[in-house]
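2 protein chains.
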Amino acid sequence: MVFSINQDVLLDTLNVIQRGLPVKTPLPVLNGIKLEVFEDHLVFTASNTDIAIQTIVSDESLVITSPGKAVIPGRYFIEIMRKIVSNRVEISLIENKMMVIKADRSEFKLRVMEAEDYPDVDFLDLGKPIVLEAKTLKAIIKETNYATSQYEKRPILTGVNLKHEDDKLYCVATDSYRLSQKILPLSHDYESFNIVIPNRSLDELSRTLDSINEEVSMFINPNKVLFKFRNILFQTRLLDGVYPDTLRIIPKEFPIIVKFNKEELLKAVERVSVLSPREKDNNYNIVKLNIRPDYIVEVSSTNNEVGDAVEEIVPADDVVGPIIKIAFNSKNLTDALKAFNSNEVTINFAGEIKPFVIKGELDPDMLHLILPLRIE
Amino acid sequence: MVFSINQDVLLDTLNVIQRGLPVKTPLPVLNGIKLEVFEDHLVFTASNTDIAIQTIVSDESLVITSPGKAVIPGRYFIEIMRKIVSNRVEISLIENKMMVIKADRSEFKLRVMEAEDYPDVDFLDLGKPIVLEAKTLKAIIKETNYATSQYEKRPILTGVNLKHEDDKLYCVATDSYRLSQKILPLSHDYESFNIVIPNRSLDELSRTLDSINEEVSMFINPNKVLFKFRNILFQTRLLDGVYPDTLRIIPKEFPIIVKFNKEELLKAVERVSVLSPREKDNNYNIVKLNIRPDYIVEVSSTNNEVGDAVEEIVPADDVVGPIIKIAFNSKNLTDALKAFNSNEVTINFAGEIKPFVIKGELDPDMLHLILPLRIE
Chain V
1 MVFSINQDVL LDTLNVIQRG LPVKTPLPVL NGIKLEVFED HLVFTASNTD
51 IAIQTIVSDE SLVITSPGKA VIPGRYFIEI MRKIVSNRVE ISLIENKMMV
101 IKADRSEFKL RVMEAEDYPD VDFLDLGKPI VLEAKTLKAI IKETNYATSQ
151 YEKRPILTGV NLKHEDDKLY CVATDSYRLS QKILPLSHDY ESFNIVIPNR
201 SLDELSRTLD SINEEVSMFI NPNKVLFKFR NILFQTRLLD GVYPDTLRII
251 PKEFPIIVKF NKEELLKAVE RVSVLSPREK DNNYNIVKLN IRPDYIVEVS
301 STNNEVGDAV EEIVPADDVV GPIIKIAFNS KNLTDALKAF NSNEVTINFA
351 GEIKPFVIKG ELDPDMLHLI LPLRIE
Chain U
1 MVFSINQDVL LDTLNVIQRG LPVKTPLPVL NGIKLEVFED HLVFTASNTD
51 IAIQTIVSDE SLVITSPGKA VIPGRYFIEI MRKIVSNRVE ISLIENKMMV
101 IKADRSEFKL RVMEAEDYPD VDFLDLGKPI VLEAKTLKAI IKETNYATSQ
151 YEKRPILTGV NLKHEDDKLY CVATDSYRLS QKILPLSHDY ESFNIVIPNR
201 SLDELSRTLD SINEEVSMFI NPNKVLFKFR NILFQTRLLD GVYPDTLRII
251 PKEFPIIVKF NKEELLKAVE RVSVLSPREK DNNYNIVKLN IRPDYIVEVS
301 STNNEVGDAV EEIVPADDVV GPIIKIAFNS KNLTDALKAF NSNEVTINFA
351 GEIKPFVIKG ELDPDMLHLI LPLRIE
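Chains as they are written, first to last, in UniProt numbering: chain V, 1 to 376; chain U, 1 to 376.
Please keep in mind that the hints were generated in silico from the structure rather than gathered at the bench.
Backbone N, C-alpha and C fix where the C-beta goes; we use that ideal spot for every residue, glycine too.
Do not rely on the hints blindly, as some may be mistaken.
[Stated by the list, open to error] Partner residues are not named here, just some residues of chain U that face chain V (Cβ under 7 Å, in silico): (1) 63; (2) 76; (3) 79; (4) 105; (5) 108; (6) 109; (7) 111; (8) 114; (9) 306; (10) 307; (11) 311; (12) 315; (13) 318; (14) 319.
[Unchecked claim] No farther apart than 30 Å at their CA atoms in a straight line, the calculated lysine-lysine pairs in the DSSO-like style are these: (15) 109(U) - 259(V); (16) 267(V) - 228(V); (17) 331(V) - 252(U); (18) 109(U) - 109(V); (19) 138(V) - 325(V); (20) 262(U) - 228(U); (21) 109(V) - 97(U); (22) 138(V) - 69(V); (23) 331(U) - 109(V); (24) 267(U) - 354(U); (25) 135(U) - 288(U); (26) 102(V) - 288(U); (27) 109(V) - 163(U); (28) 142(U) - 109(V); (29) 142(U) - 102(V); (30) 325(V) - 267(U); (31) 109(V) - 252(U); (32) 252(U) - 228(U); (33) 331(U) - 331(V); (34) 102(U) - 288(V).
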């Protein structure tokens, strides 16, 4: 194996590949990146228990003198590439044992492992993929993933449910205290599916999509889903189990509707949250919202040890319906508000002990729901 | 107590005062900030076991309606001030039990403690102070503090030694593996002194001096030193004990002198350090420096498990003296290089097992010394 390539091209591909490296693994070979040098292109592969990533490099700066393959120490190789200041780097293999990296006046030698020792990773891109714009996929992740559960008590809730049914793509996440739902049109030419993608995989996918603006092809396989874009294959395992039917917990009738300036509401809730009682067990920051008879909205919090906070908000439009007093975890509201693109949001109340729903004019396909807390 | 003031003025003073709040304290009242409102000014005080800070506020935006005093919950008060978006804030006290903060449409109430419960803090500004430019004091801290010991084994080494003797101010720090020394002229009109200031206090002082460009008055008292600048009093305890005589460990003769471009040397050492063996016990990143017979300098590292790295550096000037091979902790060299303003530095070698000394043309008053490591 001998090849040379522009350093920034190599670094770009490593910045993608590193998302597939395990944080911790009982299988040392997975700490490595599998590098295969063919006649006219390179293939990099990294994988952990959740994710497998492969990139194919056939950049015009690439000059391949002889093919070969090896598993190279992942984090060391990446750290070296980040620290090198050189236009080109030359990489070669000595006796399948040492990789030599030459750049400017530096020379690094890294012990490698046999490519044969790397577990087989199948990237399954057969069948007809679902094609989505990268920005649509990024929006789905941003707007739903935050509402997944961070705890393993109900594993199925640690992922986002994507369901294709009746020309629609339903994207839902819930930790059973809050819910985020985005519904997009999706042609019935595609087969119907119902999958749950782990939240951590979606975080990594979102970062990998950061600078991507083209289309993404999504191949759904048993237990796995593969995203294919540019020169990248990103595959993640799916969560086992049946995702709960969440549509039925969304109230149908909302006797009280209040419109807010999103930033004003967000900042007010963040300010009064400073004095929210912090219960370590459930990380609740309890904030109360009170629609007064004069239709001014009060958000407030009380901390018996420290003090209390109250702030008045003038709604952005006439309040519809009777007055109400409701309490909730402030983080559930601020997280939801941050997911909106709209400057104005409406909060739709079904009653003091029923879930309330947030919608935004610029986000017609999106709905966020929060369960209130019962307080004395 | 009733007063109002511009929010940014209050926030500026709180950003200084917070450096005096304890991270942890057995004395709950110290988590508070003592606020005293006089006829025409405010006094804020915070203190912990190391540091005490006081600021006096008599800004033109300040309107005092009635005096008073209380101890207010420090971190809550600061967090509230940071989140408020309002031109002015109004602060008042209800029955010496609750402080009310009004800003725009928000109102916060915080439980306060009695000012009498706050321990007395004496800020001793008697006698003739040593007057230094803030930028000089900041430079002393930046160039020496990094070399102090982070371990409590020899407590005296966790501080910077400031010694006034023979018209000179000697500033020295060492962790017994490296040493930083800065010598400045200081008039013999000042009394001589020999003190050791804790490194953490200097870190906080440096941050407090961040935006300060005026003169700083330094009052040296038994066990304490007080820095007075602008409207701020910053007092810290001193370390007990006798600082070691470090001058005698600095070699006098340097048979080998090599001049380097600082950035080139720094980056090369950082690159080869990627493969330095990491010993957790002493945090050594061993790097070797080798002056070859052709007077090219090689820096290198070897990691038995991963591989090795070598980089060539062409010295910035003719090498004086015989060839040499020396090993050292790379962090000691990179920390030292970062303290220099000079673009070119000379490394002065006294021998393979003797300390070597780094100097810079633009930093004539500064000297950094590093002990080599013995390797096989």
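Each hint tested on the structure:
The criterion of a C-beta within 7 Å of any C-beta in chain V is not met by residue 63(U), whose closest approach is roughly 23 Å, and the hint is violated. Proximity of residue 76(U) to chain V holds as hinted, the smallest CB-CB distance being about 6 Å (cut-off 7 Å). A distance limit of 7 Å between C-beta atoms decides the matter here; for residue 79(U) the minimum to chain V is near 5 Å, and the interface restraint holds. Using the Cβ-Cβ criterion of 7 Å, the hint placing residue 105(U) at the interface with chain V is satisfied: the shortest such distance is roughly 4 Å.
Here the hint on residue 108(U) is kept, as its CB sits about 5 Å from the closest CB of chain V, short of 7 Å. For the restraint placing residue 109(U) at the interface with chain V, the shortest Cβ-Cβ distance is roughly 4 Å, inside the 7 Å limit, so the hint holds. Interface hint at residue 111(U): satisfied, since its Cβ lies 5 Å from the closest Cβ of chain V, which is below the 7 Å cut-off. At about 16 Å, the closest approach between the beta carbon of residue 114(U) and any beta carbon in chain V exceeds 7 Å, and the interface hint on this residue is violated.
Using the Cβ-Cβ criterion of 7 Å, the hint placing residue 306(U) at the interface with chain V is satisfied: the shortest such distance is roughly 6 Å. At a threshold of 7 Å, the smallest CB-CB gap from residue 307(U) to chain V is about 4 Å, leaving the interface hint in force. With its C-beta approaching chain V no nearer than about 4 Å, residue 311(U) sits inside the 7 Å limit, and its interface hint holds. Taking 7 Å as the C-beta contact cut-off toward chain V, the hint placing residue 315(U) at the interface is violated, the least distance being around 13 Å.
Hint on residue 318(U) is violated. Least Cβ distance to chain V is approximately 19 Å, over the 7 Å limit. Interface hint at residue 319(U): violated, since its Cβ lies 17 Å from the closest Cβ of chain V, which is beyond the 7 Å cut-off. About 28 Å separates the Cα atoms of residue 109(U) and residue 259(V), which keeps this hinted pair within 30 Å; it holds. Of the supplied pair hints, the one linking residue 267(V) and residue 228(V) is violated, its CA atoms being roughly 39 Å apart against a limit of 30 Å.
A distance of roughly 64 Å separates the Cα atoms of residue 331(V) and residue 252(U); the hinted pair therefore is violated under the 30 Å criterion. A distance of roughly 64 Å separates the Cα atoms of residue 109(U) and residue 109(V); the hinted pair therefore is violated under the 30 Å criterion. Proximity of residue 138(V) to residue 325(V) is assessed by CA-CA distance (about 36 Å); at most 30 Å being required, the pair is judged violated. The suggested pairing of residue 262(U) with residue 228(U) is violated, with an alpha-carbon distance near 36 Å, which exceeds 30 Å.
Our distance criterion of 30 Å between C-alpha atoms is broken by residue 109(V) and residue 97(U), whose separation comes to about 68 Å. Under the criterion of a C-alpha separation no larger than 30 Å, the hint pairing residue 138(V) with residue 69(V) is inconsistent with the structure, at around 34 Å. A threshold of 30 Å between alpha carbons decides the hint, and for residue 331(U) with residue 109(V) the separation of about 22 Å falls inside it, so the pair holds. This hinted pair checks out: residue 267(U) and residue 354(U) have alpha carbons roughly 24 Å apart, not beyond 30 Å.
Distance check on the hinted pair: residue 135(U) and residue 288(U) sit about 36 Å apart at the alpha-carbon level, beyond 30 Å; violated. Under the criterion of a C-alpha separation no larger than 30 Å, the hint pairing residue 102(V) with residue 288(U) is consistent with the structure, at around 19 Å. A hinted pair counts as satisfied when its Cα atoms are at most 30 Å apart, and residue 109(V) with residue 163(U) does not qualify at roughly 48 Å. With a C-alpha separation of about 36 Å, the suggested pair residue 142(U) and residue 109(V) falls outside the 30 Å cut-off, and the hint is violated.
About 36 Å separates the Cα atoms of residue 142(U) and residue 102(V), which puts this hinted pair outside 30 Å; it is violated. The suggested pairing of residue 325(V) with residue 267(U) is violated, with an alpha-carbon distance near 61 Å, which exceeds 30 Å. Proposed proximity of residue 109(V) and residue 252(U) is contradicted: the alpha carbons are some 39 Å apart, above 30 Å. Restraint check for residue 252(U) and residue 228(U): the C-alpha separation of about 38 Å exceeds 30 Å, so the hint is violated.
Using a Cα cut-off of 30 Å, the hinted pair residue 331(U) and residue 331(V) is violated, with the two alpha carbons roughly 42 Å apart. For the proposed pair residue 102(U) and residue 288(V), the alpha carbon gap of about 19 Å is at most 30 Å, so the pair holds.
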